[in-house]
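Engineer: Residues in the sequence shown are numbered from 1 upward in steps of one, following the UniProt record's numbering.
Keep in mind the hints are simulated off the structure, nothing from the lab. We treat Cβ as the ideally placed atom computed from N, Cα and C, and that holds for glycine. Fair warning: there could be bad hints in the mix.
Stated by the list, open to error - Straight-line Cα separation of at most 27 Å, DSSO-like style, residue types lysine-lysine; simulated pairs:
1. 785 with 1094
2. 785 with 1082
3. 1094 with 844
4. 833 with 844
5. 1094 with 862
6. 785 with 494
7. 1082 with 808
8. 844 with 1064
To be verified - Quick list of simulated restraints, FRET-style, between CB atoms:
9. 638 with 582: 16 to 24 Å
10. 911 with 527: 23 to 31 Å
11. 401 with 811: 51 to 59 Å
12. 207 with 404: 40 to 48 Å
13. 866 with 718: 34 to 42 Å
14. 1160 with 496: 43 to 51 Å
15. 1150 with 900: 42 to 50 Å
16. 906 with 1023: 57 to 65 Å
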Amino acid sequence: MQQKHIWNIVLIWLSCLLASGVSALELESFPGGLVPGSEMILFEDEGAELDFEQARAQLSIAGLPWVAPGQPNLGYRRSALWVRVDLDNRFEEPRDWVAYIGFPNLDRVDFYYQDAAGEWQTHAAGSALPFRARHLLHRSINFEFQVLPSETMSIYFRVESTGSLQFPLALASASFFASEAQRTLFTSGLYYGLMLMIAIYSFTVWFTSRESGFLYFALLVVFGSLYSLSAQGLAYQYLWPEAPDWANRATSVFSLMANVAGILFVRSFLNLKSLDRRLELVARAFLVMAVLGVVISLFADSGLVNRMALLYAACLTVLVTLSGLLAKRRLVRAARFFVSAWTILLVGILLELLQRLGVIIPPLLAYNGIQIATLAAVTVLALGLSDRLQSMMEGYKAAQQDLLRANQLKIDALQQADNVKEEFIANVSHELRTPLTGIIGLAEIMLADRSSDLNASQRETLTLMKVSAQRLSSLVNDVIDFSAIKNGHLALSKRDIDLKQVCELVVRMTRPLIGDKPIKLVEKYPTARLIVEGDEDRLQQVLFNLVANAVKFTPHGSVTIGVEVLELDVRVSVRDTGIGISTTEQQNIFKRFYQIDSDEARQAGGTGLGLSISQRLLELHESEIILRSTPGEGSLFYFDLPLKKSLPEGKKSDRAASGEGAATKGDEVVAKPAGLTAALQATGMSVDRRSNQGPLNGDDNSAENDPAGGNIHRQEERGKILVVDDEYLNLRIVESHLADRYQLTTALSGAEALEILSNEKPDLIILDLMMPVMTGYQFCQIVRKRYDSDELPIVILTAKNRVEDLVKGLSLGANDYITKPFSKEELRVRIDKQFELLNLTHVKRDNQRLSWQLQRYEESEKRLRDREQRLAALLDVTGDPLLAIDETGVVIFINSAAEELLQVTADSVLHQSVNRISDELVPRSPALADAVHFPFSEDRISCPGSTEYFDFELESTRGRFCLLTMRQVDQEFYLMVFETGVPEARVVDEQDEAPGSLSLPQIVEEINRNVERTQLLGEYLSQIKPEDLHKHKDLVEELGHIDKLINHLSGTLVPDDDDDSELKYREALVKVMQDCHYYWQKVTGESIIDLAEKSRIWSVSIDNGRLRTRSMNRYLSLDKLPSNPRWRQVARTAYFVLSKVSSDEEARKALESSVARLQEIVEQKALN
């Protein structure tokens, strides 16, 4: 017993010795941060029953310092831990400090300190208490206290927790704590921001690809981030500050959820099912247990939940490690990413487990290791998922490529078959259209020839032949249209059209179909013009089919074509009183090849494609044909189109409601002769070549009888047309249609046409496409290399009517495209329009040139006015008041003496009417005001050879003045000279003036005489002829005196910079030509030879088989420039190039600048 007592005394003595070895923490030298464990006195209250006084005594007696590295960490214990820290304060004033614990998952921490009065104060905080219990709103458990000056004080802590019992205590001043809080908040925000981005990215990829691995990975990142938020106390601070019970268990719950997401991710990422069946079964069992653990954690004791989380984490670690090693052993592609990430994460998890179990770890790794490891592992796994996704995409892409190749082979085969079919249709169409064009054209020629001896029977035969050919042409067109619609190759050319005019034109075209039938055509239109958007030709085709069918199936009665304006649409209707259509047939009538089974239908004939094509055409216009019909009573077809705008009629129509051009005679309608040309000129529209039907009576010459038929071509010179076609029959037809209006030249091949073109340029070319050796496309390309579309229009006349043929022709430079067979009227209208456009192009080009010239003239006038002003200023040599006025009465110069005399300023009167000065002089000197008033009185203007002076009195100033005329080559101006102090006004002859220096009137007189001499000398020299020199020998000697005088004047008066001005002049010429050459090639892509040929300004010669333009080339170099260059040719070339490249802003500005510079130099030379 005595020995035991002695041993207790020794232990107490050792404890006191160790405790006495703990020195107080000097706050003055302590910067702030974690308090070393060696500075703390610890006492473990195993029963958690001691109060503060008892614990304080035990700390003094049995308290021991923490001897291990770092901060105290006792692992999972149910006991309470008492801690004492001694502080040595040497500050001279009280200071506020903060004590905070970086492990926020402690259930409760009680803090004790002594205030200035010596009273012990206590405060409690922790995860089991509401967040607001903390002094500062910070994730750590913190307490504020005041440090007393120059004293040693002790602070006490009681720590209790159902989880890991650790105490990372830190002390800091208020400022240090605030800065540390900002730093940790920034790093935490950066970490969680990165995790959020990775989660959102993974969710997005999963949503788009439906790859489950990305979903599980995103859930793993989310639950792992929530675990970190809870472990660091941020979740308690920001998410659930009023739920301490949940905050105490949230860390473990989210850890269990992360286990669930982790095992799901491993199964998906490593494909455990195919990797190892046994591991898959273990993973499934663990998944079930983990889900069950999550459910239990929501209700069980928090201490039990914490231990469950550690157990599950350890099991998951083993399972994942085995799966990763097996996957790497079997060379799974994803294994390298998985093993790398798991190794990093495993280190972090082990650090977290060891720290929770009480193993001493450095603080940086103890409290941030799991976050660092998680971020690195998530990054590696994200790369692995991206690699997996890329691998999947490569597999999908390879499979897709194989599928595409297989499909492409099928598509190519189908396309080849379709191309063969289209080519067959095109060839058959061409082969049918060419003879049909010949038949129709020849029939029209014979019917139009009034001088032939054809009798009525022969004319009727020709008419029937023409109509039959047109019906066959219509059939071919229907078949081709049907094929194009079926294959989706039919494109519309939409624009604004007048629907009323379309209807009127269709009525004129269908009127001849009535023949001898007792049918009345009735037209009902509103007075306003109705504008809709659509394809004009196709709407004509639809309406023609409807009206033609109505005429066909109406034995007698009427066919009414009406247009009605609805709210937003316009309705076009065709109503007849024919045989009608039964309900059963109405359901099938718009099907292709369907025809009504009746005697009337069989008698009318047809292909059964008209209504089907019309319906499809209206569907392309976003409309449809509606049918209302009663058998035996008639039918109504109508369709609606969106109304763009309604315009008032320009003039009142005199058409009756019953139709124009029809006179009723009994029950029949006799059609008045109305040529299609007149209708086209009245409407301004083109004829639909697919629906032309000629008159049955053969009266086809109405165009010639039409008084308006050729107004636009009544010119002094007829246009020249080159017709190119390998079929002589087609040349003959075109020539017969156009020979009375134009001068035609024909060619049977492209080569022959090019030879004709090299000798003479026509105004227009009519071109066939299907020609041997050189096709029309190739010919068009060659022509467009030399001539633009506005210089030489090309109209394609061919049997090819496919959209791709039309697009190709227009893209290669054609101006218009006409398909065979065509009518005489259509050909004439199309050609007339091209000549109108050609004339407008010429007018536009002339207007551009005139506008440019007008601008240059305005600039020249300004420079002339400036020159007058400078000349007047040069005359200011005597110091007398001087006023210069141009021929329009505008003041161009006033010297300072005149300003002083007249009491005006130059700024107020220059470039203003001289009458402004006159008005100001009225109250001061009415006589002088009258003399200054413009226009000047003739008796005040001095005559040549004598100067007439007039007295004036202006306030206290008296003197005289004279009004002189200063003559120039192209205009004159006036000089008003005032002399003060001279009392007598008189007429002075220049010979009476005293000898000595010349007076201002004498100088003016000499200048006028020099101008007169220059004009007379120029006139006489220009009139000298060779025979005059031969007859008058002495004239040669006299001309030699002129040369001597010129040499004398040039040596005496010509300025030194005359050579410089000549050099600038030559340089300006070369600069303009170089700019013309450069921008011509840049914008048009053509050579200097093309520029010379198209401008027709410079000659082109052939040298050794090559085209050259020697004269133009000399103007491109200063060394080769002729001694007397022709600047007018240079200016004309510049104007021509400007008209071609005006669309290019850079070229236009550069050329305008160089031409303006040349113009200025040329005008300066002329003025000098």
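Engineer: Please go over all the hints and tell whether each is borne out by the structure.
Structural biologist: Comparing the hints with the structure gives:
1. 785 with 1094: Holds: residue 785 and residue 1094 sit about 11 Å apart, inside 27 Å.
2. 785 with 1082: 14 Å, holds
3. 1094 with 844: 17 Å, holds
4. 833 with 844: Holds. Residue 833 to residue 844 sits at ~16 Å (cutoff 27 Å).
5. 1094 with 862: Roughly 34 Å between the alpha carbons, so the hint for residue 1094 and residue 862 is violated.
6. 785 with 494: Roughly 31 Å separates the two Cα atoms, so the pair is violated.
7. 1082 with 808: Answer holds: residue 1082 to residue 808 is near 25 Å, not above 27 Å.
8. 844 with 1064: 33 Å, violated
9. 638 with 582: 16 to 24 Å: 19 Å, holds
10. 911 with 527: 23 to 31 Å: 57 Å, violated
11. 401 with 811: 51 to 59 Å: 34 Å, violated
12. 207 with 404: 40 to 48 Å: Violated - the Cβ-Cβ distance for residue 207 and residue 404, about 26 Å, lies outside 40 to 48 Å.
13. 866 with 718: 34 to 42 Å: 50 Å, violated
14. 1160 with 496: 43 to 51 Å: At roughly 47 Å between Cβ atoms, residue 496 and residue 1160 fall inside 43 to 51 Å, so the hint holds.
15. 1150 with 900: 42 to 50 Å: 49 Å, holds
16. 906 with 1023: 57 to 65 Å: 45 Å, violated
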